[in-house]
Every structure is written in structure tokens, then in C-alpha cells.
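Chain residues, written in single-letter form:
2 protein chains.
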Amino acid sequence: MLTAGGLVLIADTRTNAGIDNISVYKKLHTLAESEDRLIMLASAGSLSVTQSLLSLLDEGLPAEGHDDLPRTMANVPTMFRAAQLVGEALGEAHASIAHVLNGSGIDSSVSLLLGGRIGDGPLQLYLMYNEGNFIECEPDSPFLQIGELKYGKPMLDRTLQWNTTLDEVVKVGLISFDSTMRSNLSVGRPLDLIVVPSDRKKQIVKTRIEPEDAYFDLLSDEWGRRLHEARSAIPDPPFLPEFQHP
Amino acid sequence: MLTAGGLVLIADTRTNAGIDNISVYKKLHTLAESEDRLIMLASAGSLSVTQSLLSLLDEGLPAEGHDDLPRTMANVPTMFRAAQLVGEALGEAHASIAHVLNGSGIDSSVSLLLGGRIGDGPLQLYLMYNEGNFIECEPDSPFLQIGELKYGKPMLDRTLQWNTTLDEVVKVGLISFDSTMRSNLSVGRPLDLIVVPSDRKKQIVKTRIEPEDAYFDLLSDEWGRRLHEARSAIPDPPFLPEFQHP
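Taken in order, these protein sequences are the chains called A and B. The numbering used here puts the first sequence at residues 5 to 250. The numbering used here puts the second sequence at residues 5 to 250.
These are computed hints drawn from the structure, not numbers from a lab. The reader is advised that the hints may include incorrect statements.
Chain copies aren't distinguished; within one or between two, either way the pair holds.
Capping the alpha-carbon separation at 20 Å, the derived lysine to any residue pairs in SDA-like fashion look like this [as the list claims (entries may be wrong)]:
1. Lys205 with Gln128
2. Lys206 with Leu244
3. Lys30 with Ser59
These figures come from a predicted structure and were not determined experimentally.
With these hints in hand, go ahead and build the complete structure from the sequences.
What follows is the structure in C-alpha cells.
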């Protein structure tokens, strides 16, 4: 989620190879963090391709000039160039396993969220498709999703705006994840969360919400209770005869 | 939705063959209605297969004995037998176009909801898969969905229970559809709605919610406003530093 107040990235940590083979893997990675930049990547889809991609980005891609350094997240000049480099690395990761998977029917597709800022640039957020092409998040739709996205999207569509304050953005994101986790067992806590305020004087927050997180449990319970209240408060359908009412 | 209070069926009416070819077609059909029975069918998926299925059910399937009448919704003895007959007719409908579609790559799959009651039997609701097999709705999960189901499912998961009153069931269903219609353009008003109270002395309601329905607009606006309020009322995340707050 990218709003006026800042960038909020949330990812779950559940990976599965079938319903009977579930593990915890980090899906929200910090690719570069220094005085002049912060670049983060969230992934959905094939774990093996994602790990290859991360290793390739860590090593760096071949330099363009003879005497240049390998191209890495530590030296790309802009977030747009960072997205291009990730796209290139994703192509490499796919190519390196193509001959192994060829005809196997195994789905090796991956989608990514790339967010952060470089130098004096603004916070930016990109969604990268499996082929390495990408779109950028814009204020009219201030969020992008990957993976199991439908269950949690109505909440984001309905209540997230460019001027939503950063606390509220975090709450919306957690409520969206709560909806998804209730409907799909393959999404689960712990959740990783990074909050990067637009204001550089404000503190960056990185936290993990564990399976027994008191705040998340409160949020989930309160939200359920308030949904019930909200529904009850809406007038009854006029097309139902009076005697339907309790 | 099948609760203690009764059966509520809701279907949209939007059919599309691509984003540039959208029509209004009824998807909620009354198959039989008489003193002793009420049987309804909602459909999702291929329109041509659905129409063939309806025609086959109308004509009736071949009689089992020599002197028997064709088997129709008007003479099946139970809802279970009705579901079996619909499954059989669906197989026929698929078989009759199989040679046309063979190898064309056109998706002719269909899913169905069959609901109603026969004689002194209880209200029952079945979900039928494309192959003609089916499951029955039970009190632990008092709803079944077909078609574009994910956007609207969290609302149902969260607030629908076996003892939810019939007015509230209708509201939950409409809110669920509202979420879906906001996220997917291929779902749209008019909505068809049938409410069958368990109590046979109560009136059955059949209505269509048009694109400019004042109650639905009110429900949608109120729901949006109350979601905002609900979110604001939840305590702020404790892991955000104080100065994030506005």
C-alpha cells in the first residue's frame, strides 16, 4: 500500500507444497538498506524461482561496461532501474530451471512487489509479473496485491485512499490479511510488516506479527464484532413483509 | 444461504463473452412451483450449456419404466432425487455439444445451486459441480456459492450463522454481492432474489433489484460508511511509534 503518508508492505510466511506440506518461509525481503536507499521485495509463487532470483540479485547481474561493477540493488540509480533489474534477474532465474521443468507441468510462476526509495526520489511501489514486466502503483488505486488477492481486495477497494493516515493504512492491511487467512488455509501468520513513512524524519518500522499476537487477535475480534453491528444497523430490506422480522 | 429461518437465493444477471460483449440474462430460475413443491436453480458458467440443461429438464428425462412418465422436476419425489436428475441432465447437455466443442479450447463448464423443498421435506440446498456430482449445504457452513465467489466470501464467512434471522441473511447476501460487484465488472445488477421462509405460513418473496434500486444504494453507502467507522474505532497498532499518529 502506497499512500501520501508512506509505504506499507505486508506479507504472510506460509509456503505449501500441497495441503500436507506447509512451512514458514520469509516472503518479504530487504534487498538494499543504506543511507541513500531502501529497497524491499515481496514474493508470491514458486519458492525455488524466488530463491534463485534473490541469489542472482545478491551476486549482481553482469556489468554493462568493461570496467563497471556488477549491477546490484546497491548501485542502481533509480527505483525504475531497480524494477528493470529485478525483471532481468527473474528472466535469468526462469531460464536456469527451464530445461529441468520443461514438460513437467510444474507451475514455476512468480509475482513480486518491489517497493522503496533511492536518493532523493519518492517512495515507489511496483508489481512485477512472471514475465518480468511491471506496473507502478498510482494514487487512484493506492495498493497492489500478489498471490491470493481476491478475499482481501474488497476491504482495500472500499476503505483505502491516497490520504488515509499511516496508522489506518496498517489497520486496513491487517484486516485484509485477516479476511484472507480466514478463507484460505494456505495464507497464515506470522505476518511480516514494514512501514516506511514518507517523512524521512519519521522512524521506519519492521515487525513480525506472530501466531499469538495479542493486537492482531484484538483487531480480528473487534472487526468481526463491528461488522455484525454495522450489518444490524442497516435498515431492513423494504421488500420483505413485516412478519419476516423477528 | 440456508439458515434456520429459511432459504435465500441471490444471483446477478450479467453474462459476458468478453469485456466488450455484456448482456442481461436470468441466472436464477424456478424449475417447479406447485402446492407440494418449490424448486429453484441458479447457474454460473457457460450460458449455452445452461440453456440446454433447462430445456432438457423442461422436456423431462426418459422414463425409467415402460409406462412411466418422463422424469421432471414436477414429479421427482425428493430434493435428493431432483439433484440427481439435474446432474443427469447436465451430463446430457455436455454430451450433446461435446463433438462441437471438441478441441476448440472453449470453456463449457457450469456450476449450479439447486434449492427448494418437496412435500413435507425440509428446505435443502445443493451445489452441483460441472461433472454432475453435488454437495449439500449443512448448518456448520450455512451457505454455498458459485461463480465469482472469493470477493464476497469473507463477509459470509464472518457474519452468517445458522441462527441468523432471515432479514439479516438477506442483508449479508446483498452486502456480499456489493463487494463482488465493486471488484469484478462481470458481476452486475439487476440482482434476482428469492426468499423462502422455513415457516410455510410465511410469504415467499421473489424480487428483482434493478440498477437504480434505492434500498441497495442505501445499503452500499451505509455499509461503506460503517466500515470506515469500524476501522477507525479499532485501537492503533502498538508497534507504530506515537509520532506516526496524525
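Violated hints - listed by number, lowest first: none
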